[in-house]
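Asks: Residue numbers (this note's numbering), protein chains in the order written: chain A, 354 to 730; chain B, 4 to 195; chain C, -6 to 395.
Source of the hints: derived by calculation from the structure; they are not laboratory data. Don't take each hint at face value.
To be verified - The calculated DSBU-like cross-link candidates involving lysine-lysine, where the alpha carbons are at most 35 angstroms apart (straight line), are:
1) A:LYS399 / C:LYS195
2) C:LYS195 / C:LYS125
3) A:LYS654 / B:LYS51
4) A:LYS654 / A:LYS413
5) A:LYS710 / B:LYS51
6) A:LYS710 / B:LYS169
7) A:LYS595 / B:LYS8
8) B:LYS169 / B:LYS51
9) C:LYS195 / A:LYS710
10) C:LYS195 / B:LYS169
11) C:LYS71 / C:LYS121
12) B:LYS169 / A:LYS657
13) A:LYS399 / B:LYS51
14) A:LYS413 / B:LYS51
15) B:LYS8 / A:LYS641
16) A:LYS399 / B:LYS169
17) A:LYS413 / B:LYS8
18) A:LYS650 / B:LYS8
19) A:LYS399 / C:LYS373
20) B:LYS169 / B:LYS21
21) B:LYS8 / A:LYS657
22) A:LYS595 / B:LYS51
23) A:LYS543 / B:LYS51
24) A:LYS654 / A:LYS534
25) A:LYS657 / A:LYS641
This one's a predicted model, so the numbers in the text were calculated from it and none came from an experiment.
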Amino acid sequence: MASEELTVSGPGLEMDTMFINMGPQHPSTHGVLRLGLTISGEVINKAVPDIGYLHRGTEKLMETRSYQQCVVLTDRWDYCSAMPNNLVFCLAAEKLMAVQAPPRAQALRVVMCELNRIASHLIFLGTYGIDIGALTPFLYAFREREMILDLYEMLCGARLTYNYIRIGGVAADLGEDWVAKCREFLEYFKPRIDEYDTLLSFNPIFLARTQGVGVIPRESAVAWGLSGPNLRGSGVDYDARKSEPYCGYEAYDFDVPLGQTGSCWDRYFCRVQEMRQSVRIVEAALAKLAPGEVMAKGVPKIIKPPAGEAYAHVEASRGDLGIYLAADGGAAPYRLHVRAPSFLNLAILQEMLVGRKVADVIAVMGSLDIVLGEAVR
Amino acid sequence: MALTKEEVTAKLLARIPKAAAAAVPVRDYPTVRLAAASDLLPAARLLKDEMGFTYLEMVTAVDWLGPTSLAGFVSSRNPNPFTDQPALPPLAPAAVAGANYRPVFDLLWAFGNIPERLKVFLRLEVPRQDAEVPSLTGLYPAADWQEREAFDLLGVRFTGHPNLAKILTPDFLVGHPLRKDYEHQPDLYDGK
Amino acid sequence: MSRDLGSSRLWPTEVWARPWSLPRYRAGAMWLGGIAAGIVVIGAGVGELYLWGDRLLGLLGRCGLGAAWVAWIWVLVKLGCVLGVIVANGLWAVWWERKISAHIQSRFGPMYAGGFHGWAQTIFDTIKLLFKEDVTPAAADQPMHALAPIVAIAPCVMAFAPILFGTELAAARLDMGVLYIFAFAGISVIGVVMAGWASGNKYSLLGGLRAAAQIVSYELPRGFSVVPVLMFAGSLDLAVIDRAQAGYWLGFIPRWFVFYPVVGQVSFLFFLIASVAETNRTPFDIPEAESELVAGFHTEFSGMKWSMFFLTEYGYVLLSSFLLAAFFLGGGAAPLPFLNFVPSWIWMTGKAMFMMFVFMWFRWTFPRLRVDQLMDFNWKFLLPWSFANIGLAGVMLWWMLR
Chain A
354 MASEELTVSG PGLEMDTMFI NMGPQHPSTH GVLRLGLTIS GEVINKAVPD IGYLHRGTEK
414 LMETRSYQQC VVLTDRWDYC SAMPNNLVFC LAAEKLMAVQ APPRAQALRV VMCELNRIAS
474 HLIFLGTYGI DIGALTPFLY AFREREMILD LYEMLCGARL TYNYIRIGGV AADLGEDWVA
534 KCREFLEYFK PRIDEYDTLL SFNPIFLART QGVGVIPRES AVAWGLSGPN LRGSGVDYDA
594 RKSEPYCGYE AYDFDVPLGQ TGSCWDRYFC RVQEMRQSVR IVEAALAKLA PGEVMAKGVP
654 KIIKPPAGEA YAHVEASRGD LGIYLAADGG AAPYRLHVRA PSFLNLAILQ EMLVGRKVAD
714 VIAVMGSLDI VLGEAVR
Chain B
4 MALTKEEVTA KLLARIPKAA AAAVPVRDYP TVRLAAASDL LPAARLLKDE MGFTYLEMVT
64 AVDWLGPTSL AGFVSSRNPN PFTDQPALPP LAPAAVAGAN YRPVFDLLWA FGNIPERLKV
124 FLRLEVPRQD AEVPSLTGLY PAADWQEREA FDLLGVRFTG HPNLAKILTP DFLVGHPLRK
184 DYEHQPDLYD GK
Chain C
-6 MSRDLGSSRL WPTEVWARPW SLPRYRAGAM WLGGIAAGIV VIGAGVGELY LWGDRLLGLL
54 GRCGLGAAWV AWIWVLVKLG CVLGVIVANG LWAVWWERKI SAHIQSRFGP MYAGGFHGWA
114 QTIFDTIKLL FKEDVTPAAA DQPMHALAPI VAIAPCVMAF APILFGTELA AARLDMGVLY
174 IFAFAGISVI GVVMAGWASG NKYSLLGGLR AAAQIVSYEL PRGFSVVPVL MFAGSLDLAV
234 IDRAQAGYWL GFIPRWFVFY PVVGQVSFLF FLIASVAETN RTPFDIPEAE SELVAGFHTE
294 FSGMKWSMFF LTEYGYVLLS SFLLAAFFLG GGAAPLPFLN FVPSWIWMTG KAMFMMFVFM
354 WFRWTFPRLR VDQLMDFNWK FLLPWSFANI GLAGVMLWWM LR
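Assemble the whole structure, with the sequences as input and the hints as a guide.
Replies: As structure tokens, then:
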């Protein structure tokens, strides 16, 4: 059933524009974001996202910390998936120092990042369901996420901010039963994704709320610098794991799900499919784990990379996370810039929401899957 | 025709006057240094229209003045009750001998070509005083917020930007925090 | 650096590997037990009272009061019973909803208040609400602000008058019972709009207007889907409708209206969907979960005023459950002939509780419809098809009476 739009105009029927503030605290919270909407009736005339509530000045803080201390700060960008944050910083520093992590460490890095991708997409699934009104998948998603967080706790003692991937390798090796528990989780998890499909993905009400809503055309997505499932939902095949492989990703066999129309549903379903692919990658990486070192030899205690500049980027859960690192030979990074995917994903709201209905704002904003910690650093 | 890194660099160097391959390249990526701010828009148009670099990945700037001044950090009360020393940052950055400190902003743009899987960096040095650079928002909407961030944190003005306003720092903050000589002015959150 | 998880941390794989934990985690025992509990809590008061009804009447007569006094006191007693049912429902349905939602969502729900599965949770919540400060915004229209909850709940209580709690068990025997119920159920909209208006808050006003639009729109398919039932029963009297569903085809298939081919099922489904929309429950809960953008119409009400709105919502859910049971599920009739020894009020309340479980099940399973999709669904789908349903019922009736 499509709804038609009737335009009624005439003297005395003009609507005044009303300014509504969404946030900085609102129930469908994705962080502390303020969205200033100017609406006339149901239609949005202007949308101004106002960020900066979570700005902690990481880039400046890192200029006064040693490289190992910086790794701790990286966790706090995208706190829903902290492993890729650690990883990208370590890759940039390793590029400067011309150090390569040993194969076991690389496989472990892949396992942790992909598990984190699953955990992060589970949060997205749950919170997007709540935004649309389905209150139950959230609890199911978090039940699975608890298992992943338990795995991380067994590994490094932390559930959210891991500080596990270090320059030159990873912090510590696995315990004896970690691989068995991880495999147990994967076996348990595979039918759960099908459960989410029956509960949410193909539910007619969900489809009516998300298909055809918030369509981002291909050129627009590329021009606005989107990345991750937002870009792939519009049909652009760009995945940092495939275009510039790192940590041995070229050896793993996985697909990159692409959407067709760029609607909210396409972006949502890309993430669900990515969870399936991540399971494949984790299984392959666990099979590849051979005994060996987890930290490269010759990484000094006081890390002073030679002067130079490096850019490293990974496919984090939210998109293409990049780090530009400029070193002057000192003990602290001279300049660090974070190319945060959520920052750019959020900017497109200025253009995308104009002309849409107010009731769609939540669906559209939720489908972009932003985390303000990363957007604002 | 599959583009290669060398072809990209060669075409840029040929078409943009006085552009040169950067002395300190970004590791493993082709980096081209522009000579003047007026070269930026032609170079960007060349990359976008003729070489297919439609994806603007990053816009940033580096302040090469010297080590970060510690006056830029909020020296709050030390939570350690056994000392009355203020809480300082863990590392006081020191000047490294032989480093090339100069009073410039070194701007950096990263362009991506998605089908060809290529990336190229453009650099431009502008003096720190009244740094002005053309804005790329007309060609790439992705530059919008990134240029605002560079303006907010470093003070680089982008001419032609539709809305060059603060984006990350609070409204009461005066100055550009990421500058190396930034000094923090006490404000209402300093508990004085 | 790796550590073992404590033995207190159980994975779902370990929990579900134990056979006895599966039914405990899923909703099975909860809904069976809940239906039984509901029957006890809601139906018992009324159901058992009727046994004493005659004795009570006789007692009143022997007190020496005049016949008019006896009649008035008898009406008050029946009113007390109905109010008791509504209040008990408000207390109990909330607990049950929390338990059902919890078990659907793989968690436990209230476990602490009162001991066994937190049965006293809502009682304590009510006490807390009674003690809450009654905050009225300065910009609000004070008398309307006080009146709105009353206008919302009074029609709900009054609509319960002809409701059958079993065979021949109604507070008032009205020969136009169905019309009366639908009429009073519609008056609550005024309370909702008053609440939105009197809040002095443009967002509440918008929420209240949307709620009103939704409620008024969905009354049409609700009424029209009941018309086939009225045609088959031949009367607006709930007792007559109840009696028309007694008896069995082929000795064991009950003559409930839901079993009538096509017409019965369609009417049942449409009435169920329209009732869910009427009571502002998910998937039609735009007015309540309007907290996405606009706060709901009852935001500026706190304490007892808010609990009036709350009671209204659960009262209407109970009303719709009883109506569904009475119209379509046979009322007080037993599903199989040899189960007739079970009192009819147990069957009636049991069916109503089952329908209430369905209401709650919907809430925690389906996402929300957008406002315009909601209206589309009503005007472009439910209404035309309910007309078609009436036509089909007419054809069936003609064929049956040939």
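Asks: For each hint, tell me whether it holds in the structure or not.
Replies: Consistency of the hints with the structure:
1. Pair hint A:LYS399 plus C:LYS195 holds up; C-alpha atoms about 20 angstroms apart against a cutoff of 35 angstroms.
2. In summary, the hint linking C:LYS195 to C:LYS125 is supported, as the alpha carbons are separated by about 25 angstroms, within the 35 angstroms threshold.
3. Our distance criterion of 35 angstroms between C-alpha atoms is broken by A:LYS654 and B:LYS51, whose separation comes to about 44 angstroms.
4. Note on A:LYS654 and A:LYS413: the hinted pairing holds, with a Cα-Cα distance of about 23 angstroms set against a maximum of 35 angstroms.
5. Between A:LYS710 and B:LYS51, the direct Cα distance comes to roughly 34 angstroms. Compliance with the 35 angstroms bound is thereby established for this hinted pair.
6. For the proposed pair A:LYS710 and B:LYS169, the alpha carbon gap of about 28 angstroms is at most 35 angstroms, so the pair holds.
7. Distance hint between A:LYS595 and B:LYS8 is fulfilled; the C-alpha atoms sit about 18 angstroms from each other, no more than 35 angstroms.
8. Between the alpha carbons of B:LYS169 and B:LYS51 the distance comes to roughly 28 angstroms, so the proposed pair stays at or under 35 angstroms and holds.
9. With a CA separation close to 18 angstroms, the supplied pair C:LYS195 and A:LYS710 stays within the 35 angstroms bound.
10. Only pairs whose Cα atoms come within 35 angstroms are accepted, and C:LYS195 paired with B:LYS169 is accepted, the gap being roughly 31 angstroms.
11. Between C:LYS71 and C:LYS121 the CA atoms are separated by roughly 29 angstroms; this keeps the pair inside 35 angstroms, and the hint holds.
12. For the suggested pair B:LYS169 and A:LYS657, the alpha carbons sit about 34 angstroms apart, so the restraint of at most 35 angstroms is met.
13. Between A:LYS399 and B:LYS51, the direct Cα distance comes to roughly 29 angstroms. Compliance with the 35 angstroms bound is thereby established for this hinted pair.
14. Taken as a hint, the A:LYS413 and B:LYS51 pair is honoured in the structure, with Cα atoms around 32 angstroms apart against an allowance of 35 angstroms.
15. Between the alpha carbons of B:LYS8 and A:LYS641 the distance comes to roughly 33 angstroms, so the proposed pair stays at or under 35 angstroms and holds.
16. Proximity of A:LYS399 to B:LYS169 is assessed by CA-CA distance (about 19 angstroms); at most 35 angstroms being required, the pair is judged to hold.
17. Using a Cα cut-off of 35 angstroms, the hinted pair A:LYS413 and B:LYS8 holds, with the two alpha carbons roughly 33 angstroms apart.
18. Our distance criterion of 35 angstroms between C-alpha atoms is met by A:LYS650 and B:LYS8, whose separation comes to about 32 angstroms.
19. In summary, the hint linking A:LYS399 to C:LYS373 is supported, as the alpha carbons are separated by about 32 angstroms, within the 35 angstroms threshold.
20. Distance hint between B:LYS169 and B:LYS21 is fulfilled; the C-alpha atoms sit about 34 angstroms from each other, no more than 35 angstroms.
21. In summary, the hint linking B:LYS8 to A:LYS657 is supported, as the alpha carbons are separated by about 30 angstroms, within the 35 angstroms threshold.
22. At most 35 angstroms may separate the alpha-carbon atoms for a hinted pair to count; A:LYS595 and B:LYS51 meet this at roughly 23 angstroms.
23. At roughly 43 angstroms between alpha-carbon atoms, A:LYS543 and B:LYS51 are farther apart than 35 angstroms, so this suggested pair is violated.
24. For the hint pairing A:LYS654 with A:LYS534, the CA-to-CA distance comes to about 33 angstroms; that is within 35 angstroms, so the pair holds.
25. For the suggested pair A:LYS657 and A:LYS641, the alpha carbons sit about 33 angstroms apart, so the restraint of at most 35 angstroms is met.
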